[in-house]
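A.B. asks: Chain order of the listed sequences is A and B.
FYI, the numbering for the first sequence is 91 to 288, going by our numbering.
FYI, the numbering for the second sequence is 6 to 466, going by our numbering.
Calculated directly from the structure, the hints in this document are not laboratory data.
Do not take every clue at face value.
As the list claims (entries may be wrong) - Restricting the straight-line Cα-Cα distance to at most 30 Å, the calculated cross-link-like pairs of lysine-lysine (DSSO-like) are: (1) LYS106(B) / LYS200(A); (2) LYS419(B) / LYS132(A); (3) LYS106(B) / LYS92(B); (4) LYS21(B) / LYS280(B); (5) LYS214(A) / LYS200(A); (6) LYS150(A) / LYS445(B); (7) LYS233(A) / LYS260(A); (8) LYS445(B) / LYS132(A); (9) LYS16(B) / LYS233(A); (10) LYS255(A) / LYS224(A); (11) LYS208(A) / LYS60(B); (12) LYS280(B) / LYS224(A).
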Amino acid sequence: MTDSLLAKSIDKILEKTEKEILVNLENSFSDAKQTLDDSIPKLEQEFDKIISDGKKEADKIEKQIIGSSDLEVRNKQLLTLEIAIDKVFTKALEQIANTNRSADYSNLMKTLLDESTKILSTTKVIVSTNSKDKDLVQSLLSKYPGAELSSQTINCLGGVVVKSKDGAMKFDNTLDARIQRLKPLIRKEIATKFGVGN
Amino acid sequence: MTAKGGVQYSKIAEIKGPLVVVDDVENAAFDELVEIETKEGERRLGKVLEVGNGKAIVQVFEGTTGLSISGTSAKFVGKLMEMPVSKEVLGRVFDGLGRPKDGLPDPIADKFIDINGEPMNPEQREYPKDFIQTGVSVIDGMITLVRGQKLPIFSGSGMSHNILAAQIARQANVVGTKDDFAVVFAAIGVQYSEAEYFRRSLEESGALKRSVLFLNTADDPAIERIITPRVALTVAEYLAFDLGMHVLVILTDMTNYAEALREISAAREEVPGRKGYPGYLYTDLSTIYERAGKLNGRKGSVTQVPILSMPSDDITHPIPDLTGYITEGQVVLGRDLFRQGVYPPINILMSLSRLMKDGIGAGSTREDHSEISNQVYDAYSRAQEVRALAGIVGKAGLTDIDLKYMDVGDVFEKEFLTQATDENRTIEETLTILWKIVSKLPKNEITKIKDKYVDQYYQEN
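The following block holds chain B by itself, in its conformation from the complex:
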């Protein structure tokens, strides 16, 4: 940080959507922070998107509504956008640009960090293998989250992803270590009532103390959404790699982020890609998702749970599609389960945690975890086939063993999947329920679990 300021230019050539084109600009830098000042003295922040031929294209975070070519000036601040960070940010609520929203002063900064972050050196990355307990049975038992992993939740419009996100934020914890744990929660373009729900939910559960909230509401300018995940990840990286904490970052809803990106791209008259999203959507998303992981020799970790609502529940939509290429698995919420009133409505057959195998088992969760989980996957999948068959031939046409599988499906959904929003299950409780489900089957149907575990955990009816 320097006392030297930047030059203020008053020749505005054009205002187009969220962009302001400034003329006769010298020495502006790509990504440089810009202060736009209106005729009335109101200040808005922006950043340089393009420079050249004496022009600079500035993206205004707070939107260009009310700006006019005459009377508006742009001050090029001479630095990139930075987030002030310190341990004090824990327990604080910020807006989408990282400004306090809780009525408290700016945090006394320990450091000012460029919000774009620095890419992690791949060679320095440590393979994620430590379990994070979310207290949500279906995630802990079947789609286990591992420290340093990026595991998105694919949801649909109106489904209970925000309730799930808040529950994970309240309950998530690292087990078997005294290391500090923190949650960084970025709400991107959510309704005011949802933002309030997140804040109240963390406050009332006492989890706000170890959390940092960034709230960009639906009525905030869309362009701010480009910044929200970046400021959140900047804080997360500081807490993880400077203070040695294990940080869980929840970003909801990344679809709103991608839409803001599309808005800017359209204003820049770029050639649109699929569904009008810019061709660099994949690259852009990766600059966010890749900011998760663990580093060799550093104590902390950044784990990401981005949440995105799939337009028309279409998993082939560019946003979930490209997200799936970058992340390490996905948790998919099912519309059918949601309609049945199941919470959390996670469709396990479409969900997967690619790093689960390394984060479970003896020493992390329990030695039988992997096998019992595989067996339940198998049984639930068979239950779905049997349900489909019963739809054609009727229940009377099913064999005894088919009926047992149907029973497994019902118990799975009613006792394992279904969970109260304030119910925090330990991994032991989760595994006990998984064994209860498997124990509905005769022993000869249990083919994926070693006999010694069957002898130890099978519950005779």
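Isolated chain A, as found in the complex:
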């Protein structure tokens, strides 16, 4: 009798405990499910953020790589072009230096002298030129009252340097100076011939 009562009580306790455990398991399961369900949108958000951050970073790196390589290529092209322009320039200057002192050249020298005396507003000047053009300039100076040829020659392709007699004003009308002033335009012309620029 006592044994059967005891067995019954034990069964009851076991049954109750089983129920409690099952309920707890069920609750834990639903809690876990709930937590999982809740974390899905968060995880999705996190996933999207990682993807978008990664995409941003990839875009940034792509821009960096493309930007710097484009620039490098362009800069190399500029340097190559400049070397070519320099070569053309040197060749052209050589040709100018070896030009025949013809009648055209004499007219050019006269124009340069006219221009220089006009700008200095006086013909009382000292004119310097290179050794090649010394005689030519001397012959032209008779048309400019008060003008003198300097005893010292200058190193230039052609043309003249004109100074007022008091030394206060100087006008450089050598071919070298004129070419130098026009160099930016000439560079552009040469570059255009190479198919660069307009």
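Assemble the complex: chain A is given as a structure, and chain B must be docked to it using the hints.
C.D. replies: Chain B only, in chain A's frame:
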């Protein structure tokens, strides 16, 4: 451009500060370019400031150190100072006078443009109304920059304005259009390390390709600084109005420019104005700032972000004061925020973009932009009042709603204002953070936003 050169004069009457007075000069013109040649054959550039009575006053850009009255000559070139421009200037680094500083040859010029520019015909000006995304939340969200606007940054000595300037230069872009965008960056009297930082920063981010840099460092002659913003703006105008690009011009630091102007004015013995700056400082600054805008019938635009450091953080100092009269708003950096380690330390309550309203909203940014921005201004302002109150009565004496506003202030500074120097936020991301801030408040406190936007964007906690 002509082959004809100018006359070289060797009668130097006086050398005074950055000025050289040349005697017996005929036919010199105001602003004419002058080549100063030293006894040793060194050449420096200058321009004519004054002519008359057979004298010409020449301002030497590279300074007069080492010049002597005997042996120095001045050649009046017969033209104004010009900047050679072409599309090739993009990706190049120049010095403060527009000479290459990157070891590459002079750009093959498409045009030679007078650096003083031509004033924009007011009748031809088009009202600026297109958004520029800087990627900096506080600027895009609260002090929006618009194409063609001039929006200065008022900073203080030692603050992070140069880092901000570089970030804007790297990240700025036009949204919703395929038009080309370029940045012209003029560093005026900056330290060598800062100049290097700007160059490296643009180079490493790949943004140098679409940028032109003019670097006048602190050890360059101060007088060169008068020219730097002008050559930069000349290039910007060419890129904008000849090539149809949208150009953002960043000029840092305009205080150094104004100081160079003061130096020349003092040397000319002009009557000084406030703090020794010349009386024409306003007019002079306007010749720079007014070179921003859009023109009717032209595709491009020039937007200016001049940066100036206010001496002693004094916003009433003549430089920020006069700048503020000309420009269309200001971005003010706050010393308190800077000390707290906030970057960018922009004090939004002192900042304003006058053209913002026309550059935001549906079609440009988002329909709720204006209202959310106003609401955040309002809430942050209230947060500051609450912080002041808490300083007196303590946090315990505050109401629940006051505490919420305090929270808004904290979130604003920590999540919205604070941004990494390499963090490029889209306008969408910026607006999302603004809504996150506003959502810290109960709905009944949101009075500046239409209900439909609250329903759509309010984030329930």
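A.B. asks: Determine for every hint whether it applies to the structure shown.
C.D. replies: These are the hints, each one checked on the structure:
This hinted pair does not check out: LYS106(B) and LYS200(A) have alpha carbons roughly 41 Å apart, beyond 30 Å. For the suggested pair LYS419(B) and LYS132(A), the alpha carbons sit about 22 Å apart, so the restraint of at most 30 Å is met. For the hint pairing LYS106(B) with LYS92(B), the CA-to-CA distance comes to about 17 Å; that is within 30 Å, so the pair holds. Distance restraint check for LYS21(B) and LYS280(B): the Cα-Cα separation of roughly 21 Å lies within the 30 Å cut-off, and the hinted pair is therefore satisfied.
Under the criterion of a C-alpha separation no larger than 30 Å, the hint pairing LYS214(A) with LYS200(A) is consistent with the structure, at around 16 Å. This hinted pair does not check out: LYS150(A) and LYS445(B) have alpha carbons roughly 33 Å apart, beyond 30 Å. At roughly 20 Å between alpha-carbon atoms, LYS233(A) and LYS260(A) fall within 30 Å of each other, so this suggested pair holds. Proximity of LYS445(B) to LYS132(A) is assessed by CA-CA distance (about 20 Å); at most 30 Å being required, the pair is judged to hold.
Restraint check for LYS16(B) and LYS233(A): the C-alpha separation of about 29 Å stays at or below 30 Å, so the hint holds. For the hint pairing LYS255(A) with LYS224(A), the CA-to-CA distance comes to about 19 Å; that is within 30 Å, so the pair holds. For a cut-off of 30 Å, the pair hint linking LYS208(A) to LYS60(B) stands: about 20 Å separates their Cα positions. For the hint pairing LYS280(B) with LYS224(A), the CA-to-CA distance comes to about 61 Å; that exceeds 30 Å, so the pair is violated.
Figure legend: structure checked against the earlier numbered hints; hints not met, in rising order: 1, 6, 12.
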